[in-house]
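There are 2 protein chains.
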Amino acid sequence: MTLRTLPGFMELLPQEQIVMDRMKAVIRHTYELFGFAPLDTPVLETAEVLLSKSGGDTEKQIYEFKKGDTDLAMRFDLTVPLAKYVALYNNDLTFPFKRYQIGKVYRGERPQKGRFREFYQCDIDIIDRDELSIVYDAEVLAVIYTVFKTLKLPAFKIYLNNRKLLSGFLESLKIEEKTVEVLRLVDKIKKIPEEAFLGELADLGLAEELNRKLLNFIKIKGSNAEILEALEALQISNENFQTGLNELKTVISQAEMQGINPQNIQIDLSITRGLDYYTGTVYETFFDEHPEFGSVCSGGRYDNLSSVFMDKKFPGVGISIGLTRLFDQLKNSGLLEIEGPTPNRALIIVQSQEYQNLALDLVGKLRREDIPADVYLRDCKFKKKMEYANKIKVPYLIIIGEDEAQNHVFTVKNMKEGVQQTMSLDDLIKEIKA
Amino acid sequence: MTLRTLPGFMELLPQEQIVMDRMKAVIRHTYELFGFAPLDTPVLETAEVLLSKSGGDTEKQIYEFKKGDTDLAMRFDLTVPLAKYVALYNNDLTFPFKRYQIGKVYRGERPQKGRFREFYQCDIDIIDRDELSIVYDAEVLAVIYTVFKTLKLPAFKIYLNNRKLLSGFLESLKIEEKTVEVLRLVDKIKKIPEEAFLGELADLGLAEELNRKLLNFIKIKGSNAEILEALEALQISNENFQTGLNELKTVISQAEMQGINPQNIQIDLSITRGLDYYTGTVYETFFDEHPEFGSVCSGGRYDNLSSVFMDKKFPGVGISIGLTRLFDQLKNSGLLEIEGPTPNRALIIVQSQEYQNLALDLVGKLRREDIPADVYLRDCKFKKKMEYANKIKVPYLIIIGEDEAQNHVFTVKNMKEGVQQTMSLDDLIKEIKA
Chain G
1 MTLRTLPGFM
11 ELLPQEQIVM
21 DRMKAVIRHT
31 YELFGFAPLD
41 TPVLETAEVL
51 LSKSGGDTEK
61 QIYEFKKGDT
71 DLAMRFDLTV
81 PLAKYVALYN
91 NDLTFPFKRY
101 QIGKVYRGER
111 PQKGRFREFY
121 QCDIDIIDRD
131 ELSIVYDAEV
141 LAVIYTVFKT
151 LKLPAFKIYL
161 NNRKLLSGFL
171 ESLKIEEKTV
181 EVLRLVDKIK
191 KIPEEAFLGE
201 LADLGLAEEL
211 NRKLLNFIKI
221 KGSNAEILEA
231 LEALQISNEN
241 FQTGLNELKT
251 VISQAEMQGI
261 NPQNIQIDLS
271 ITRGLDYYTG
281 TVYETFFDEH
291 PEFGSVCSGG
301 RYDNLSSVFM
311 DKKFPGVGIS
321 IGLTRLFDQL
331 KNSGLLEIEG
341 PTPNRALIIV
351 QSQEYQNLAL
361 DLVGKLRRED
371 IPADVYLRDC
381 KFKKKMEYAN
391 KIKVPYLIII
401 GEDEAQNHVF
411 TVKNMKEGVQ
421 QTMSLDDLIK
431 EIKA
Chain V
435 MTLRTLPGFM
445 ELLPQEQIVM
455 DRMKAVIRHT
465 YELFGFAPLD
475 TPVLETAEVL
485 LSKSGGDTEK
495 QIYEFKKGDT
505 DLAMRFDLTV
515 PLAKYVALYN
525 NDLTFPFKRY
535 QIGKVYRGER
545 PQKGRFREFY
555 QCDIDIIDRD
565 ELSIVYDAEV
575 LAVIYTVFKT
585 LKLPAFKIYL
595 NNRKLLSGFL
605 ESLKIEEKTV
615 EVLRLVDKIK
625 KIPEEAFLGE
635 LADLGLAEEL
645 NRKLLNFIKI
655 KGSNAEILEA
665 LEALQISNEN
675 FQTGLNELKT
685 VISQAEMQGI
695 NPQNIQIDLS
705 ITRGLDYYTG
715 TVYETFFDEH
725 PEFGSVCSGG
735 RYDNLSSVFM
745 DKKFPGVGIS
755 IGLTRLFDQL
765 KNSGLLEIEG
775 PTPNRALIIV
785 QSQEYQNLAL
795 DLVGKLRRED
805 IPADVYLRDC
815 KFKKKMEYAN
825 KIKVPYLIII
835 GEDEAQNHVF
845 TVKNMKEGVQ
855 QTMSLDDLIK
865 EIKA
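Chains as they are written, first to last, in the numbering used here: chain G, 1 to 434; chain V, 435 to 868.
Because the hints were derived from the structure by calculation, they are not lab data.
Glycine included, every Cβ here is placed at the ideal spot set by N, Cα and C.
Hints may be right or wrong, so weigh each one.
Non-contacting residues of chain G with respect to chain V, defined by C-beta distances greater than 10 Å in every case (computed) [stated by the list, open to error]:
#: 1; residue: Gly35
#: 2; residue: Leu93
#: 3; residue: Leu151
#: 4; residue: Ala155
#: 5; residue: Gly222
#: 6; residue: Glu232
#: 7; residue: Gln254
#: 8; residue: Asn264
#: 9; residue: Ser295
#: 10; residue: Tyr355
#: 11; residue: Ala373
#: 12; residue: Asn407
Stretch by stretch, here's where chain G covers chain V in the computed footprint (C-beta under 8 Å, at least three residues) [unchecked claim]:
#: 13; segment: 564-570
#: 14; segment: 648-658
#: 15; segment: 668-682
#: 16; segment: 689-699
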């Protein structure tokens, strides 16, 4: 038998898993802080539901199989299951419906560096009936901002745009029938040279003069205020453009109101997100010093979540963090502080086994004080016990021997600072909790 | 298209999901308190790995399929993936290795009430090389005890036994070659009448006199002390029996040392757990008033976790909580307190939209104080806003109108107690945090 984990499936050592889980906990906590309720949909759905909307690429990547008479598929994102959920249960939900979901999704693509076949997505969406306030587009910015600040990751910027601006601009050039193709092309601008971009635009059958204008438009740079000013100065009066401009202004001003550092937000007119279903605000997030990571958190506003499944209109705005890939990139770049392979705050070792019951009594007391703790139970030389303590990198080592047993005290070593003290149970608990 | 969730797959409304997630959080927190590190293995493995050990039933239930040239399968428990993990990474792990895993597993069995095809298992295992201290068998008891106490569920008892006792007893009757069959049969004793049990024993070809003795043995009742005494009185001297008796005594005495209420532990000699791989202590957990739930947490001690995969010996002890089924049973029995469909502690509503920015400013402040909070943004009649507040059952409702805006105060309604007060921001934060 070949003992192996499938390629493209992340499997971590405990010390790495602890860091990964801490990141997941920060994301979950932040989502709940902003009032998002948890959702947990099945990994398996009928193939009919999952493939209702998709094009060719998704079908090639999907894990699909038959069990009995049913065509089953593993979810490839958390959006289609959400669309199904809202369509199925909308009569039982309270709107605006703010949900988060942190779960694994599956894409059977060719495995390559940095690509995973099983990976966590951490999604939020705010969905309402018929209409959804633009203020939520700013709230989503605040969520992204708070998540990355709380994760204590390197300097980042959230780039945002509004798709109505570009489509309004195309309308003003009278080439609105090419909007979908142009939006998709603009999405690639950072990955291809300018001349290649102009070439591809020409392939769409657009006049060179228009293409230059388009390039100049998406290249408008400056502070957020400067870009907004430049957009005003274009004096484009169609509704699409004006709505987009107003929405973008609102999002920027509301974001500051929500306490976001303006340094962390940048309007970028070249951001479109390739997906057809975004209709307004779009977001991407990059680390300043690591553009090679790509966008680590993206999303946007859409007019109708469940259009494939039903007629009612459910507009929404949401984002997704690809946690597995993000963790992998941070790890490979040495940006994660990986500590010991245990969640323990304290480890208790005994000078000789006769003190084991004292150690077990103490560990129970620590745990009842909500301090993760453990006793090393193997009967071996004291040196071996110390080696174990050093290996697992536990913050506090507690030693019990004859002196400690007689005097009802404990010897506590702060392993980071190397300081060793003898103290009472109460002081010990205070010290570790501090 | 048929819009549906697959039968046997749990999908909850937000108010239920919040309770489910709270249970999961308690279990996770308790596991970490006892020093277990998180593990997260893939849902998909090669079929070869997952089916290496299994018999016919598992193969029929497993979700198995081909992608390219690879036979893939969805995990049906968390034990086989753990065995693979330890076999693959044992050189990088620190032993004793205490891991927990909370994850979904898959069994494509015929759907029926209370049976799920996708369900959460919440597992802990402690694994060592070559030998593992019996004290860990008591620690596992303490974990089960702490989990169910912290979950604030109805009165429960953990039933325990040691398989060496029964196999030692069979040895003393000189019918040890039937041990596996008898252990499996004893496992069924609570589900079939005594006469049927004796009949099935007879079918194994055992003499009636022996079968009576066996029945009397597993029916030994009384307090833990009384049962231990009765076992002593049998004066069975073979090593198997004596080791089992000593282990059981140690586990019982250590459990009390760990602060477990003795009322919550009961030796039951008829508990064997059908699975072949348990070799010592075995556990089952029942609610006193709900025996129909079956065991809600089971497990035991095994000699060798990874025997299918490698020659090195890794003894361990562990348990599993079937969370999805437990949640379903508790819900159906009205034993869960289901509240509102939001994690919010506070909801802010405004008398008119001109105060919306004050509300947004406040919500940011509350969130920065780690209070999950939200603003109701829809521009509608005040009555509608109140209806929403009542519907989501938020603990605190904060109202901002002209008076509040002028005087820099907030009107706060404690929705449970129905008390309404006007207060400053500082007092408001104190009130909600209390």
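Structure-based check of each hint:
no.: 1; hint: Gly35; result: violated (4 Å)
no.: 2; hint: Leu93; result: violated (7 Å)
no.: 3; hint: Leu151; result: holds (16 Å)
no.: 4; hint: Ala155; result: holds (21 Å)
no.: 5; hint: Gly222; result: holds (27 Å)
no.: 6; hint: Glu232; result: holds (23 Å)
no.: 7; hint: Gln254; result: violated (7 Å)
no.: 8; hint: Asn264; result: holds (15 Å)
no.: 9; hint: Ser295; result: holds (24 Å)
no.: 10; hint: Tyr355; result: holds (13 Å)
no.: 11; hint: Ala373; result: violated (7 Å)
no.: 12; hint: Asn407; result: holds (21 Å)
no.: 13; hint: 564-570; result: holds (count 3)
no.: 14; hint: 648-658; result: violated (count 0)
no.: 15; hint: 668-682; result: violated (count 0)
no.: 16; hint: 689-699; result: holds (count 3)
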